[in-house]
Amino acid sequence: MNSNHLKPLPGTDLEYFDTRAAVDAIQPGAYDTLPYTSRVLAENLVRRCEPACMNDALKQIIERKRELDFPWFPARVVCHDILGQTALVDLAGLRDAIAAQGGDPALVNPVVPTQLVVDHSLAVECGGFDPDAFSKNRAIEDRRNEDRFHFIDWTKKAFQNVDVIPPGNGILHQINLERMSPVIQVENGVAYPDTLVGTDSHTPMVDALGVIAIGVGGLEAESVMLGRASYMRLPDIVGVELTGKPGPGITATDTVLALTEFLRKSKVVSSYLEFYGEGAAALTLGDRATISNMAPEFGATAAMFYIDEQTIKYLRLTGREDETVHLVETYAKQAGLWADSLKNAEYERTLSFDLSSVVRNIAGPSNPHKRVPTSELAARGIAGKVEDEPGLMPDGAVIIAAITSCTNTNNPRNMIAAGLLARNANRAGLLRKPWVKSSLAPGSKAVALYLDEAGLTPELDKLGFGVVAFACTTCNGMSGALDPTIQQEIIERDLYATAVLSGNRNFDGRIHPYASQAFLASPALVVAYAIAGTIRFDIEKDVLGLDAAGREIRLADLWPSDEEVDAVVAASVKPEQFRKVYTPMFARVVDDGARVSPLYDWRPQSTYIRRPPYWEGALAGERLLSGMRPLAVLGDNITTDHLSPSNAILLDSAAGEYLAKMGLPEEDFNSYATHRGDHLTAQRATFANPTLRNEMVKDGLGNVVAGSLARIEPTGEVTRMWEAIEHYMERKQPLIVVAGADYGQGSSRDWAAKGVRLAGVEAIVAEGFERIHRTNLVGMGVLPLEFKPGVNRITLGIDGTETFDVVGERTPRADLTLVIHRKTGEQLAVAVTCRLDTAEEVAIYEAGGVLQRFAQDFLESSAPKAAA
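Quick note: the sequence shown, position 527, residue 527 per UniProt numbering, numbers continuous.
Keep in mind that the hints were calculated from the coordinates and are not lab data. For clarity, every value in this text was computed on a predicted model and none was experimentally measured. Glycine is no exception: its CB is placed at the ideal position from the N, C-alpha and C atoms. Hints may contain errors.
[Claimed, not checked] No more than 27 angstroms apart at the CA atoms, straight line, and that leaves these computed lysine-lysine pairs for DSSO-like:
| hint | residue 1 | residue 2 |
| --- | --- | --- |
| 1 | K245 | K462 |
| 2 | K385 | K462 |
| 3 | K433 | K462 |
| 4 | K385 | K698 |
[Unchecked claim] If you anchor each label on the Cβ, the simulated ranges turn out as follows:
| hint | residue 1 | residue 2 | range |
| --- | --- | --- | --- |
| 5 | G790 | P8 | 54 to 60 angstroms |
| 6 | M729 | L651 | 20 to 26 angstroms |
| 7 | E717 | T795 | 44 to 50 angstroms |
| 8 | R813 | L351 | 47 to 53 angstroms |
| 9 | Q160 | D601 | 26 to 32 angstroms |
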């Protein structure tokens with residue numbers, strides 16, 4: 001730790017690094033103009049870097065330059081169980097590789113504190129209308145995931161610096177917000193800002209607390225875990241001034257959906273956003289967290305709020321200790337992280353958004369930025385396919401209505417509003433439609449306690465919104481099976497069926513295989529649509545039902561006033577509820593002295609956990625980057641759900657056939673996500689999304705055919721994607737993927753990169769990449785290449801019959817040449833940008849990936865030194 005600039009922190013017995021002095025020594029008065037993000041990054045440099053490195057990096061920050069890489073050392077790593085487990089499987093495999101080379105495997109441990117929350121494994125097999133849903137769903141989760149949970153339990157004992165929160169306790173980001181983040185860390189008597197990376201794109205949720213927290217891929221998280229710096233250049237920091245205040249009845253969900261549309265249009269991809277202004281100051285921390293959670297839906301890396309009185313109020317509300325609250329306020333004011341200290345902050349770009357302009361919103365039928373005012377949804381007309389028949393489900397039926405996701409269940413105002421609307425609906429005698437599978441899955445057990453306190457749990461239960469889990473569930477595609485009769489009717493009548501959920505993602509095919517599309521809405525609107533039962537319904541005007549007196553009931557009759565919501569929140573949400581949940585959850589377990597082997601005893605028949613192959617076969621060989629054939633030619637907005645879906649595995653899929661062959665009953669296939677610790681299952685999910693549109697596969701009229709399909713070249717045979725991959729693997733044929741803009745948007749899913757690498761893909765050439773997916777590709781040793789503006793697969797006439805070479809020296813953001821060999825014999829040379837953005841990324845790529853690079857460095861550093 002660099003001791004320069006270390007000073008006493010007034011009002012405490014701690015010290016802190018006086019970053020203002022370090023910055024102003026380089027350029028007097030500069031600190032006062034720095035944005036919040038720059039101040040936190042500067043502190044990290046002052047505390048962690050050698051003086052020579054520190055001064056150069058600080059100059060970059062002060063002068064707002066982006067020419068040089070500088071190191072960032074996050075204080076901790078957080079993981080959900082899917083990517084966290086996958087990362088730890090990789091580390092267990094790394095231990096095996098180290099041991100095979102004569103190294104000590106027990107020395108391979110996370111250096112940075114790593115917190116893993118098991119929250120992505122539960123499927124809603126039993127809906128919220130079953131009073132025993134929670135216990136039944138948990139039992140199914142334990143049965144299906146026994147292999148995974150056995151491995152995760154081993155990691156707790158085998159690795160140092162790993163904490164595990166077991167299943168059934170809540171969602172990572174909400175637990176992080178309500179307890180795990182101290183906002184200000186203390187280590188060896190020194191106070192400094194909490195910072196973290198997380199293996200989920202919604203990690204920025206705690207940006208609402210003034211904590212820089214960004215989502216990264218599992219591979220980048222592994223690198224940080226192992227003590228390597230996360231190298232970065234100064235991000236584009238955009239100031240977003242919030243003015244006005246939300247109107248009556250407008251929820252945080254309405255606000256964030258409007259912001260998502262606005263910020264996507266404002267092109268903030270990869271930016272760090274800083275919200276400020278009178279509108280931001282008036283938002284509760286819960287409202288701020290709903291906004292920060294959806295940073296990836298904006299396309300942003302982070303969505304920061306300053307530390308202020310709202311932060312302090314929230315820390316007290318959630319039961320943080322008095323010393324913690326005092327330290328946060330003292331440090332923030334001393335270090336210039338308090339809101340009042342940032343009035344002179346300067347941004348290269350600012351945006352302005354008027355909160356009073358927000359109306360009641362819904363997003364859909366796909367993509368979170370496709371906002372529609374609820375008053376306009378019916379008028380926009382989602383075309384019907386079949387005629388409605390009395391006594392049967394309507395076309396456009398809402399088959400899933402889920403209050404789910406930390407995005408909205410973190411927010412007491414949202415949850416209380418949903419409970420009050422349910423109470424009012426019950427008083428009017430309204431019912432959920434029988435075909436709606438409804439559920440309530442809060443991200444924290446504290447939610448259940450304050451709903452109980454408010455007397456609203458029975459009201460939600462009565463409408464079918466009983467607690468089914470404290471986990472991610474439907475938002476993650478874990479919506480469980482439908483009633484067989486409902487599923488059969490959808491199939492036989494070819495119905496257009498939908499889902500309405502209070503989540504953050506609604507990409508086509510994500511929520512359920514039989515829900516053609518999905519809509520994002522506030523928790524209260526989810527309840528309303530469960531009563532309506534169809535998306536082809538004017539939720540603002542149409543009649544939801546009749547009360548006992550025959551009076552027509554509309555949404556306005558049910559919607560609670562803001563004053564009532566606030567009064568119930570004030571009376572029912574209490575610090576002791578959070579203490580009751582989190583004090584035992586984070587109690588230190590006394591070491592019983594039991595030890596386990598540093599090497600995991602892999603189960604040979606497991607379809608969940610298998611020794612990774614990254615040091616074997618083709619993955620250990622050289623990438624030639626020549627003679628590559630396209631595995632797929634794709635359009636814009638390809639998501640990680642297209643590349644590696646997370647939802648239920650169907651029997652007729654490549655993964656389903658494999659699992660059946662391995663002896664698993666279909667009811668226990670589980671989701672693609674849960675099998676990502678076994679590469680033999682997970683690689684069969686590559687491009688397995690039924691909504692994929694591979695432009696190499698067309699019908700007789702020249703239309704692209706949807707499905708997990710590929711065309712094998714040079715024969716032109718069309719097959720399922722997995723059969724094509726197997727064929728090319730047997731041929732040892734190097735592959736390339738050609739794509740449009742925004743390639744890899746969505747969740748921080750390392751298997752979206754691992755799957756293509758295992759298939760033999762050596763390069764991806766696209767018009768643009770989503771940030772996290774690009775770093776994952778590099779981490780797997782796949783070369784990301786970017787077309788120059790105005791050049792794309794269409795202007796080049798790429799049809800998939802070509803072969804490709806990549807020529808040139810791979811240096812950060814260098815111009816390389818993509819050589820296209822057409823089947824006619826014509827050859828075309830096209831300039832592309834090498835999207836290895838930093839020298840560190842070049843080194844990782846050349847080593848073959850993150851794990852290979854670490855293994856090389858570890859063995860070199862631990863090898864006996866030759867005698868002089």
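Requested in this report: Provide an ascending list of the numbers of those earlier hints which the structure does not satisfy.
Outcome: Hints 1, 2, 7, 8 and 9 contradicted; others consistent.
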